[in-house]
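A.B. asks: As given, the protein sequences belong to chains A and B, one line each in that order.
Under the working numbering, the residues of the first sequence are numbered 1 to 460, in order.
Under the working numbering, the residues of the second sequence are numbered 1 to 460, in order.
Errors might be hidden in some of the hints.
One copy or two, it doesn't matter: identical chains are merged, so the pair holds either way.
What the hints assert, rightly or not - Cut-off 30 Å, straight-line C-alpha distance, at most; resulting in silico cross-link-like pairs (DSS-like, lysine-lysine):
no.	residue 1	residue 2
1	K48	K266
2	K97	K396
3	K317	K359
4	K408	K194
5	K419	K32
6	K22	K266
7	K419	K48
8	K180	K194
9	K194	K359
10	K302	K22
11	K22	K66
12	K396	K66
13	K12	K270
14	K419	K92
15	K186	K408
16	K419	K112
17	K358	K180
18	K59	K419
19	K359	K180
20	K48	K112
21	K419	K66
22	K34	K419
23	K111	K419
Simulated from the structure, these hints should not be mistaken for lab results.
Predicted model, so just to flag it, every value in this text is computed and none were measured.
Protein chains: 2
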Amino acid sequence: MDYIYLNDLYEKEEEYLGKKIKLKGWIRNHRKQKDFGFIYFSDGTVFKQLQLVYDNTLKNFDEIQKLRISSAIEVEGELIKSVGQGQDYELKVSDLKLHGDCSEDYPIQPKKHSMEFLREQSYLRLRTNTFQAVFRIRSVASMAIHQFFQDRGYIYAHTPIFTSSDCEGAGEMFQVTTQKLEEIAKTGKTDNSKEYFGRPVGLTVSGQFEGEAFAQAFSKIYTFGPTFRADPSHTPLHIAEFWQIEPEVAFCDLEGIMDISEDLMKFVIKYTLERCPSEFEFLNKYVEEGLIDKLNTVINSKFVRATYKECIDILKKAKIKFQFKPEYGEDLAKEHERYITEYFKSPVFITYWPQKVKKCFYMKQMDDGTVANADLEMPGIGETYGMSQREDDFDKLERRIDELGMNKDEYIWYMNLRKYGTTVHSGFGMGFERLIMYMTGMSNIRDVSAFPRTPGNCLY
Amino acid sequence: MDYIYLNDLYEKEEEYLGKKIKLKGWIRNHRKQKDFGFIYFSDGTVFKQLQLVYDNTLKNFDEIQKLRISSAIEVEGELIKSVGQGQDYELKVSDLKLHGDCSEDYPIQPKKHSMEFLREQSYLRLRTNTFQAVFRIRSVASMAIHQFFQDRGYIYAHTPIFTSSDCEGAGEMFQVTTQKLEEIAKTGKTDNSKEYFGRPVGLTVSGQFEGEAFAQAFSKIYTFGPTFRADPSHTPLHIAEFWQIEPEVAFCDLEGIMDISEDLMKFVIKYTLERCPSEFEFLNKYVEEGLIDKLNTVINSKFVRATYKECIDILKKAKIKFQFKPEYGEDLAKEHERYITEYFKSPVFITYWPQKVKKCFYMKQMDDGTVANADLEMPGIGETYGMSQREDDFDKLERRIDELGMNKDEYIWYMNLRKYGTTVHSGFGMGFERLIMYMTGMSNIRDVSAFPRTPGNCLY
Chain A
1 MDYIYLNDLY EKEEEYLGKK IKLKGWIRNH RKQKDFGFIY FSDGTVFKQL QLVYDNTLKN
61 FDEIQKLRIS SAIEVEGELI KSVGQGQDYE LKVSDLKLHG DCSEDYPIQP KKHSMEFLRE
121 QSYLRLRTNT FQAVFRIRSV ASMAIHQFFQ DRGYIYAHTP IFTSSDCEGA GEMFQVTTQK
181 LEEIAKTGKT DNSKEYFGRP VGLTVSGQFE GEAFAQAFSK IYTFGPTFRA DPSHTPLHIA
241 EFWQIEPEVA FCDLEGIMDI SEDLMKFVIK YTLERCPSEF EFLNKYVEEG LIDKLNTVIN
301 SKFVRATYKE CIDILKKAKI KFQFKPEYGE DLAKEHERYI TEYFKSPVFI TYWPQKVKKC
361 FYMKQMDDGT VANADLEMPG IGETYGMSQR EDDFDKLERR IDELGMNKDE YIWYMNLRKY
421 GTTVHSGFGM GFERLIMYMT GMSNIRDVSA FPRTPGNCLY
Chain B
1 MDYIYLNDLY EKEEEYLGKK IKLKGWIRNH RKQKDFGFIY FSDGTVFKQL QLVYDNTLKN
61 FDEIQKLRIS SAIEVEGELI KSVGQGQDYE LKVSDLKLHG DCSEDYPIQP KKHSMEFLRE
121 QSYLRLRTNT FQAVFRIRSV ASMAIHQFFQ DRGYIYAHTP IFTSSDCEGA GEMFQVTTQK
181 LEEIAKTGKT DNSKEYFGRP VGLTVSGQFE GEAFAQAFSK IYTFGPTFRA DPSHTPLHIA
241 EFWQIEPEVA FCDLEGIMDI SEDLMKFVIK YTLERCPSEF EFLNKYVEEG LIDKLNTVIN
301 SKFVRATYKE CIDILKKAKI KFQFKPEYGE DLAKEHERYI TEYFKSPVFI TYWPQKVKKC
361 FYMKQMDDGT VANADLEMPG IGETYGMSQR EDDFDKLERR IDELGMNKDE YIWYMNLRKY
421 GTTVHSGFGM GFERLIMYMT GMSNIRDVSA FPRTPGNCLY
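One chain only, chain A, in its complex shape (with noise of 0.2 Å):
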């Protein structure tokens, strides 16, 4: 008899409703009485569990008894109608055989434990309620992505992990090479000869610009790759490696991509809520109060678009006093954000901030002393991501290159982009990590993020 998966049987129950079924899978909880015992029963391909009922007929039906949390074993039955409370459909079991049982030391058992326990045990909490709902959503919302991408006709851009020239000029790269550290110590010299690249060289922090080269041949692309930030920040969006979606369209102005990104991020929400219900109805039980109306709001609203100077405006005039005061040719602070959305109770994309505050020398130059960014600021988190239309004008590239003292050397091939059939044309990079937490609710970028690298944590 051929086994089935759980998220095929709760695709068409009725279907299965009295006919015998084989399931494999683990046991998630176990509940046990004098005759009879449940087993909350998963096998991980959908959220929703499936209660098996067994009983004393069972000839093996003493070793079903001691069966442990996390078992694997191999169920056959009859899907009944269940007559508890709490589910639809169970299983009552015919035929149960044990494939690899658990050892008693399995650090996860079916009480609260702490989110940092659990981080302790990555390799295990995938296995909890928890994280099966995280990853799921984590995994739809990726092919929401690629959907949405490839449906407009834009190219997926594998641009690269090594790289020589540093996008944001933060000198805040992981440095890579194949020298012997302990051999540098020793002999008191470094060792280009003994270098992979004949150079250390560094990971990426953003496939921008290798986007640009492949958006001036493709009119469309967009990247969805892992980068890294060697900032040693220990806070709860810091992690040194995460993944980042970077579209960069051809011939496409700042409100061209603000279009995009608005697009984008309802339908990522709007495609994953569909798919995923038992999912968001346990988060937004036991993790975020609310969490699928927030979701909801932003499918149904329409982003707010403000420039600085409005905002500035805004916030001098708001009548509460804020911790750092609201300054025209300033950084915004997360109080200021915070109000901004409340004010418009809505998303804003705040456009047209002062170079000067904005410092990144791809963006587009506007004759008023502003770039043609934007940054999106989202109800409850403040800024999530930023975007822009980069400067097109060789010229003036050139000109912010030398005003911020970069060695030109490494941007040659990226400002001939301008040289040879230049484009208006825009881009951002949305760091997907944080994306999921706005859209699971959780309040660490750790619990996101398999296996999270952060300043000391390199396990597994």
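Starting from the known structure of chain A, arrange chain B on it as the hints suggest.
C.D. replies: Using the frame of chain A, we list chain B on its own:
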């Protein structure tokens, strides 16, 4: 007037026929006559270009005649049936504006350039026909992979790039450090307090181990992301940074994973052939004669499964003289692989290799000294990638780790997966670039990776 994309135009040509449309893109070629001219135009959203026809009734006729290849333009005109050969439709230009001109020193001209030359212009070669075809196929094939797995209930797992464990144990890992190498040379000592992770770490060679942890929670998972090998080989098949697809499936044996592998390969080829007909026609004509037939043969064949022992028997009986004599207990040479695929006239899974040939400690050990693995051999190229059932027995796995003298501490969590509800499970690691080489006929891996990283080369 809103502009449209060329892929939209080619989806409903009949609808646009006789209508006025606007397009934005680049000049790919330009033929000038005294009173008129032809521009071969593309916006990169589809392989097929559009012929623009203009004449001296346009007020900027003289400037248009001067436009160089790769200039970015905006064009308006009527879509008409073409009277010329080579295309069904063309655009009769009523207005043509220059967005960004192209400098005279643009290195790529409409003539045959060598692949070596184009590699030095990676950021520009994306605009040529060959690379338009290759990277559109790469993008569509990526989507095919996601579609295949997501339709079948797999979870997309983002496994970490930074790692402390070496999956293949081959010692070919890139090392990541946040210490300054000059500082080590100067002080004569390393200083782990300067390390982001408290010590140097490596870049992953495979997501398999973390993938197995995912599979023991979700049953069916896949990874699709970059992996790294510091193998300094200068060959057309080796590259430092490449993408891998690594499914891991619980309750799945070797037969099962071969089924999945065969289904995936056929699905990806079929999906991509259907969506990129012009690209494949071009490659079939200019890159590999017979490419389309080759791919259709794969789709329509049933992959053969033969044990290693059967293959050695076949090789020993072969009536040709091999350079290397086939022997039981020895690896297969390229000439042997070629003979086997020709013998079966089909892709072949060669199964159950001697453990002393396939040394990977994680492969399921059989009682007869073989391991439950398979290499997939494709006609014309030989070994493409391997798969195996994983050792699910804690004790056998531990013994193997000891035998190979590996550092057991690093693998305790991985071994524990066998202690906490172990299952028969299997997986494979498919190198994405090699698949794309096979699908496009490109003979050098540097030409299917946009910005290839090879010994001494980390440009862009």
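A.B. asks: Any of the earlier hints contradicted here, and which numbers?
C.D. replies: Structure breaks no hint.
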